[in-house]
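Student: Spelled out from the first residue to the last, the chains are:
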Amino acid sequence: MGSSGERLFEGADWDFHTLQRVHDACEEIARKELGLDVYPNQIEVITAEQMLDAYSSVGMPLFYKHWSFGKQFAFQEASYRKGLMGLAYEIVINSSPCISYLMEENTATMQTLVIAHAAFGHNHFFKNNYLFKQWTDADGILDYLEFAKGYISACEDRHGSEIVERTLDAAHALMSHGVDRYPGKKALDLRAEEKRAGERRQHEEAIFNDLWRTVPNTKTKSRTTLSVERRRALLGLPQENILYFLEKSAPRLQPWQRELIRIVRHIAQYFYPQSQTKVMNEGTATYVHYRIMNRLHQQGRITDGNFLEFLQSHTNVVFQPEFDDRRYSGFNPYALGFAMMQDIERIVSSPEDEDREWFPDIAGKRDVEGVLRDIWSNYRDESFISQFLSPALIRRFRMFHLHDDPAESAGIKVDAIHDERGYRRVRRELARQYDVGFVDANIEVVDVDLAGDRRLLLRHTTVKGAQLNETDARRVLQHLADLWSYDVALTEVDGTDKVLKEYVISPRAAAVAA
Amino acid sequence: MVMHIVDRRLNPGSKSLENRQRFLRRAKALVQGAVKKSSQDRDIKDVLEGGEVTIPLDGMDEPRFRREGGTRDMVLPGNKKFVEGDWLPRPNQSGGKGSGAGEGDSEDAFRFVLSRDEFVDLFLDDLELPDLAKRKLAETESEGIQRAGYATSGSPANISISRTVSRALARRKALRRPRKDEIEALEEELANCDDPTRRRELQALIDALKAKAKRIPFIDPIDIRYRRFETVPKPVAQAVMFCLMDVSGSMSEHMKDLAKRFYMLLYVFLKRRYRHVEIVFIRHTDRAEEVDEETFFHGPASGGTLVSSALVAMNEIVRARFRPADWNIYAAQASDGDNMTSDSALTGQLLTDRILPVCQFFAYLEVGEAANYTFDMPDSSLWTLYERLRNDGAPLSMRKVSERGEIFPVFQDLFKRRSKQERVA
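Respectively, the protein sequence lines represent chains A and B. If you're matching positions, the first sequence starts at 1 in the working numbering and goes up one per residue. If you're matching positions, the second sequence starts at 1 in the working numbering and goes up one per residue.
If you're looking for bench data, these hints aren't it; they were derived computationally from the structure. Treat the hints with care, as some may be off.
Stated by the list, open to error - Derived DSS-like pairs (lysine-lysine); straight-line CA-CA distance at most 27 Å: (1) Lys260/B <-> Lys15/B; (2) Lys32/A <-> Lys65/A; (3) Lys32/A <-> Lys133/A; (4) Lys400/B <-> Lys271/B; (5) Lys65/A <-> Lys400/B; (6) Lys400/B <-> Lys37/B; (7) Lys149/A <-> Lys28/B; (8) Lys133/A <-> Lys248/A; (9) Lys80/B <-> Lys413/A; (10) Lys36/B <-> Lys180/B; (11) Lys416/B <-> Lys65/A; (12) Lys271/B <-> Lys256/B; (13) Lys149/A <-> Lys15/B; (14) Lys36/B <-> Lys256/B; (15) Lys127/A <-> Lys149/A; (16) Lys413/A <-> Lys81/B; (17) Lys256/B <-> Lys400/B; (18) Lys365/A <-> Lys127/A.
Claimed, not checked - Covered by chain B, according to a simulated footprint, are these stretches of chain A (three or more residues, beta-carbon under 8 Å): (19) 15-27; (20) 275-287.
Claimed, not checked - To give an idea of the chain A side of the interface with chain B (calculated C-beta under 10 Å), a few residues: (21) Phe73; (22) Tyr101; (23) Phe388.
Here a beta-carbon is modelled for each residue, glycine too, at the ideal position from N, C-alpha and C.
With the sequences and hints as input, model every part of the structure.
Tutor: Printed below as a string of structure tokens:
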């Protein structure tokens with residue numbers, strides 16, 4: 001395995017040459033042994049304060065200005081100063097080149113760990129996972145953010161910061177419902193996006209007027225009432241991407257406001273894959289750093305002392321408290337992800353009979369890296385867990401499934417545990433916890449009353465009886481009504497279309513739209 | 001593959017500063033309320049240190065559609081003794097807790113740390129010296145620069161290109177510097193010419209023109225002009241604040257404490273808000289003396305009471321150092337209201353004839369014992385006197401204070417920013 005034996009560094013100190021050596025050593029292992037395929041790396045050394053800054057702009061190196069990020073920052077700064085919160089060792093950005101932020105306080109060992117973890121683990125995942133390929137444009141994101149930042153600040157100059165802020169507030173409230181969940185016609189091309197901003201506007205305005213020409217206050221005698229199907233088709237309904245719908249069809253928004261909504265929507269879409277792959281992404285990165293660090297130690301390129309230091313932080317990172325532990329706050333994606341990757345390695349290289357029965361496709365296939373790379377490319381958390389969580393791992397974590405039906409007075413039912421009868425149910429339920437389609441409320445724009453008062457109709461199809469929190473729902477709908485400029489009605493229905501609750505919200509007098 | 005390392009540590013920090021300011025602006029009313037509340041139970045010195053404030057999240061929240069209730073399923077790690085079909089009691093009916101990402105309601109109060117500047121700014125926001133009317137060119141202070149024509153010398157950054165080029169053009173024209181196309185035309189003719197005499201002539205002409213062009217430079221150092229800037233004195237409002245404090249024996253420790261707190265606040269307010277405010281500290285018993293701030297706030301003193309002595313001292317200082325025509329003059333007086341009865345007439349006369357005519361604003365703060373409620377305090381001799389003057393139309397503001405907590409509201413009230421017509425009562 002290459003030039004072994006030569007130490008990469010001694011002690012805890014490092015300089016830029018050390019980082020370069022570490023990167024090269026990691027790269028050799030990552031490419032030759034693990035077969036990783038990564039974007040070019042860019043490593044940026046930052047201070048703790050800059051790390052805090054980055055936290056508050058969702059980790060991006062540049063971002064538009066908004067008070068909510070300031071709130072985030074104030075909050076994080078307060079908890080950091082009090083020692084309630086440690087800072088991450090790194091932040092990595094899905095862009096090409098792939099930017100990893102390293103904190104200057106880290107020791108040489110930590111920098112090695114971080115480079116292996118972020119610059120190779122996450123980097124490979126970003127470049128190869130199908131969700132990222134489909135929904136994000138690593139080459140264009142930084143330019144697009146630059147464009148967004150400039151555009152928004154130009155809007156502030158031109159139209160006043162208050163209205164810009166109100167528009168962004170409203171768009172942010174709907175951000176979780178501003179993503180396309182199913183692949184559309186084309187992948188996102190942010191560069192072209194930026195260039196076309198102007199001409200697209202004009203075209204859309206033309207189309208848009210066409211649509212509203214059907215509003216019956218025109219003088220024409222023949223009041224052609226559109227058929228429901230025709231109307232819905234024209235408006236592209238039903239539509240679950242509420243921001244998209246507003247951008248295209250809200251009657252009274254200014255063109256620049258549509259562009260702001262579009263920016264928020266694109267950013268939501270950019271982060272959408274990350275929310276679906278937390279376990280896999282961290283699992284991959286942790287598995288990669290674990291393999292690389294072990295190999296470096298084996299080659300004698302890091303000392304026993306460094307290796308022990310590494311093991312200590314690694315153990316902290318993959319620590320999973322049990323449910324009755326005070327520290328428990330759900331599954332640790334690092335712990336679960338790493339455990340599953342290692343488990344797959346075991347199944348592929350030395351399977352038991354049980355594994356052969358559960359995983360006939362990969363058990364004993366011997367090509368660990370190949371199998372893992374394939375998994376990293378083609379799954380997201382939900383499908384990954386429902387496919388690869390093994391009985392052995394369910395036993396190791398001693399997972400159990402609780403079913404809490406409020407109608408049941410006896411209490412919470414233990415529905416399945418780590419036994420023969422429970423494996424599949426535990427696995428299915430855990431996978432569902434990671435299904436974003438299931439985690440976000442299923443709300444759709446279903447219709448617009450074009451002939452009448454232009455009321456916008458939305459429907460929330462509840463799952464398992466969970467309804468919207470009323471206070472928050474009213475606030476979000478208020479924002480929605482302000483953007484739409486006419487009344488907005490939301491109906492909550494259960495699976496059998498039985499109406500559970502109805503909201504009707506009118507836009508505020510000093511609304512967002514002109 | 002090539003890897004880049006970028007050192008960002010030296011980049012300007014506080015990238016979040018602007019967002020933070022936007023947040024503070026948005027939360028201004030809430031933060032201001034919190035600042036005032038937290039400053040009431042703090043020492044004034046601590047107020048200046050900034051610190052943590054807590055504001056309710058209401059109004060600062062970012063609503064999202066979120067669901068609650070219904071049937072819930074969860075998978076947890078670490079089963080010890082449960083078997084399928086067991087029933088567990090519900091943890092006392094607190095529906096929302098433990099549902100993972102339920103961050104929404106867990107932070108209903110929002111705590112964060114304000115820096116010293118932010119704190120004081122918010123605290124002193126909306127306060128100003130009333131009627132800061134007299135503006136004059138201060139002798140020392142000059143600020144602001146302004147373009148002032150061109151100069152023949154200056155820094156290279158200030159070269160005026162258009163001016164330089166146009167001067168060069170004029171000079172070249174005046175000296176008839178041969179133009180480039182002129183020479184080129186001749187050279188072309190020479191190339192196409194066969195007649196040797198003509199060729200010689202042409203060659204001579206070209207050489208002469210070229211030599212001339214060389215002698216007359218395209219841009220000569222004498223063409224160069226620099227943009228000139230001048231510093232311009234700007235009119236500033238000069239103001240002086242007289243702090244008159246009664247430190248006589250009748251003032252209890254509590255009263256002195258109140259008065260000092262008031263002045264401390266005034267001092268901070270003036271120092272931060274106005275660069276050109278002089279502060280004169282006068283304390284008096286039956287004699288008045290001008291003191292420095294250290295003595296004013298910390299020095300012990302005791303004796304009888306003669307309010308007029310302080311006014312006399314102030315009057316003398318005004319005459320000696322602060323010409324009323326050039327200075328905005330303010331005064332704040334704190335006392336327990338006790339005064340020698342015989343002194344009343346003199347005090348009243350001094351005020352009406354000497355002090356109030358030159359003052360933009362005169363605030364009187366009467367401090368009382370803690371046990372007394374303000375409205376129970378019998379009107380003191382000084383209060384009665386001042387009230388009469390005020391009713392006659394003198395620019396006097398009067399407040400009574402008997403508790404620490406009242407200092408801040410009274411101060412805010414006295415110095416609140418007002419419209420032109422409004423006067424502090």
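Student: Compare the structure with each hint and give your call.
Tutor: Now the hints, each set against the structure:
no. : hint                  : verdict
1   : Lys260/B <-> Lys15/B  : violated, 40 Å
2   : Lys32/A <-> Lys65/A   : violated, 43 Å
3   : Lys32/A <-> Lys133/A  : holds, 24 Å
4   : Lys400/B <-> Lys271/B : holds, 25 Å
5   : Lys65/A <-> Lys400/B  : violated, 46 Å
6   : Lys400/B <-> Lys37/B  : holds, 20 Å
7   : Lys149/A <-> Lys28/B  : holds, 25 Å
8   : Lys133/A <-> Lys248/A : holds, 25 Å
9   : Lys80/B <-> Lys413/A  : holds, 15 Å
10  : Lys36/B <-> Lys180/B  : violated, 76 Å
11  : Lys416/B <-> Lys65/A  : violated, 32 Å
12  : Lys271/B <-> Lys256/B : holds, 22 Å
13  : Lys149/A <-> Lys15/B  : holds, 13 Å
14  : Lys36/B <-> Lys256/B  : holds, 22 Å
15  : Lys127/A <-> Lys149/A : holds, 25 Å
16  : Lys413/A <-> Lys81/B  : holds, 14 Å
17  : Lys256/B <-> Lys400/B : holds, 14 Å
18  : Lys365/A <-> Lys127/A : holds, 25 Å
19  : 15-27                 : holds (count 6)
20  : 275-287               : violated (count 0)
21  : Phe73                 : holds, 4 Å
22  : Tyr101                : holds, 8 Å
23  : Phe388                : violated, 15 Å
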